[in-house]
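Trainee: Chains as they are written, first to last, in the working numbering: chain A, -8 to 245; chain B, -3 to 367.
One should not assume that every hint holds.
Said to hold, decoys possible - Computed footprint of chain B on chain A; a stretch qualifies when at least three of its residues, placed anywhere within it, have a C-beta under 8 angstroms from a C-beta of chain B:
#1 62 to 69
#2 92 to 98
#3 208 to 222
I should point out that these hints are in silico values taken from the structure, not numbers from a laboratory.
These numbers were taken from a predicted model, which means no experiment stands behind them.
Note that the Cβ used here is the ideal one computed from N, Cα and C, for glycine as well.
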Amino acid sequence: MAEPLLSIRKMTKRFGGLVAVNEVSWDVYPGEVVGLLGDNGAGKSTLIKCVSGVYQADEGEIYFEGRLSNFARPIDARQQGIETIYQDLALASNLDVGANIFLGREAKKRYLGGLIRVLDEPHMLRESQAALRSLEIHFPNLRQPIENLSGGQRQAVAIARAIYWDAKLMIMDEPTNSLGVPEQHKVLDLIRKLRDQGVPVILITHTLPDVFAVSDRLIVMHRGRKVTEKRTAETNMQELVQYMVGALDDTRVQ
Amino acid sequence: MGVAPSLATTPSHRFVLTLSRLWAWAFLGLMIVFFVVAVPIVSNGAVNFLTLRNSQNILVAITPVLLLGLGQTFVIIGAGIDLSVGWVMSLASVLSALAIRAAYNGGVPLFPSVAVGFAAAVAGACLVGFFNGVIIAKLKVPAFIVTLGSSFVVRGVSLLLSENTTVIGLPPGIRSYGNDALIYYIRGDGGGLHFLNRPEVTGDLLRRMDPILPYPVIVTAIVVAMAIFVLRKTQFGRHTYAIGGSLEAALRTGIPVDRHIIQLYMLSASTAGVAGFLSTLRFTAGSAVIGDPLLLASIAAVIIGGVSLFGGAGSVMGTVIGALIIAVLTTGLVMLNVESFWQFIVVGAVVIIAVLIDQSRDLIIGRGRTG
Chain A
-8 MAEPLLSIRK MTKRFGGLVA VNEVSWDVYP GEVVGLLGDN GAGKSTLIKC
42 VSGVYQADEG EIYFEGRLSN FARPIDARQQ GIETIYQDLA LASNLDVGAN
92 IFLGREAKKR YLGGLIRVLD EPHMLRESQA ALRSLEIHFP NLRQPIENLS
142 GGQRQAVAIA RAIYWDAKLM IMDEPTNSLG VPEQHKVLDL IRKLRDQGVP
192 VILITHTLPD VFAVSDRLIV MHRGRKVTEK RTAETNMQEL VQYMVGALDD
242 TRVQ
Chain B
-3 MGVAPSLATT PSHRFVLTLS RLWAWAFLGL MIVFFVVAVP IVSNGAVNFL
47 TLRNSQNILV AITPVLLLGL GQTFVIIGAG IDLSVGWVMS LASVLSALAI
97 RAAYNGGVPL FPSVAVGFAA AVAGACLVGF FNGVIIAKLK VPAFIVTLGS
147 SFVVRGVSLL LSENTTVIGL PPGIRSYGND ALIYYIRGDG GGLHFLNRPE
197 VTGDLLRRMD PILPYPVIVT AIVVAMAIFV LRKTQFGRHT YAIGGSLEAA
247 LRTGIPVDRH IIQLYMLSAS TAGVAGFLST LRFTAGSAVI GDPLLLASIA
297 AVIIGGVSLF GGAGSVMGTV IGALIIAVLT TGLVMLNVES FWQFIVVGAV
347 VIIAVLIDQS RDLIIGRGRT G
């Protein structure tokens, strides 16, 4: 197998006396979709927040593209190409699609030797259109504010933004929550497209059918520990639920 | 994804959206028509509303309110509020008067002295804005409280600096900077247009002479143009909308939010500084109480102009229209011999109606919905 893109080694994160993540080791390889499962409080979010630089692990290492990458801030993780997509949070709903794709990294035209810098709207609009087209997303009107878009369309904008800025690893937190069924299918389609383009996706979810629909591999966490790691094809929903509630535990058997 | 029509693209919603954007213009137009008809009737044809002189009076009257409102527009779009601008304007008036007097008495020629006064006004105001911004952005104290508190501090400082009296003894030459106009027009016999120079006329000619584009109006127009440019065309404007519309998104996309908020309050203070400077030129004196009564009018102008108090929405032209509506209302009611107390009641009603219209739009097109 190829070198892992992301490699977590014996990572532990404590909050006071609570061990939220307990010696978790985990690899993510290029071009795969990995499901991250677990009940509420299992430590999924904490694990991901350590990867994306929101939290800093107390012990253990994170290797990204082979380099030691214990990120101090979320922006550092983003700059290395780790993009976390949350439900709704990272889009400015009052701005249009193009403005959102370029938010914080606006393209500017310079006049008078850089003294006056004007937003380059045509460029941003063209590039946004191209980014959306590469994911086969079509909007009738890119100039309308995000607040007029549906939940699935917003996810699409967030994903297109990540791809445009060369995301190398996509972390998606409950991406199909609060979406209608047709929209859920479209988001899952997008996840497959990302994989086909070689971008691995970590899919954090409660929704087991989603995991079976798109993931290649999955890990289950329970009370901070990784209790199993499986190929999706080699397991079933019933078994996974047992892992999630703690009835099954591979680490205990060993 | 797909081509499902989203809410705002259906014709009826587009209509509501357009209407809510245009209502302020429509209201201003209706008001002018009303006064044009009503004023001659009430005065038995002796007075007209839409004269050259009256239009210029209205423009001069709105300059301070508009300048305070311009900075406020940016702050409120960024989901903040600046309650200190009134007293900052006073501080700037006092500072510029003191600076001009000191420079001129120290042998500096008139024009450089005025320039020193401008620099003192804007620098002093910016300093207040900087402290406001730092406390709001870095120490996370609500803007309402910070700017309320700083307005008291600034008030005290202004009164101390001015020794609780009007700062006088300014060179009389500055009067023309603050009151003369770019163009003078004398109607009828022996009249005509005069550029850049106030004609020395008396008596009947003086009565027939109208100033066009007084200098404070020109300065304000330049500031308006700059504000439109910055808000619509630059990264600074874009980030202002982003921070006001979704602070979370702004933070996550790496916008330097704290620095931006500090800059917003400095911007707001500096337009108040320009207003204070202009008032010193206009009255040939610095006053520590000139700005305070204008604060609420300036916020009213911003709100009538459609800037959302929740942040993320609004425009500079909206605020210009808002300031015009207030000035036209006030002037028109005076010309109708309506007691001045009614002005307050009418302006207050207009503010509330403006917010109602804004909210009903949000209800209809579903702004702020989640999911």
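Trainee: Give a verdict on every hint.
Mentor: Structure-based check of each hint:
no. : hint       : verdict
1   : 62 to 69   : holds (count 3)
2   : 92 to 98   : holds (count 4)
3   : 208 to 222 : violated (count 0)
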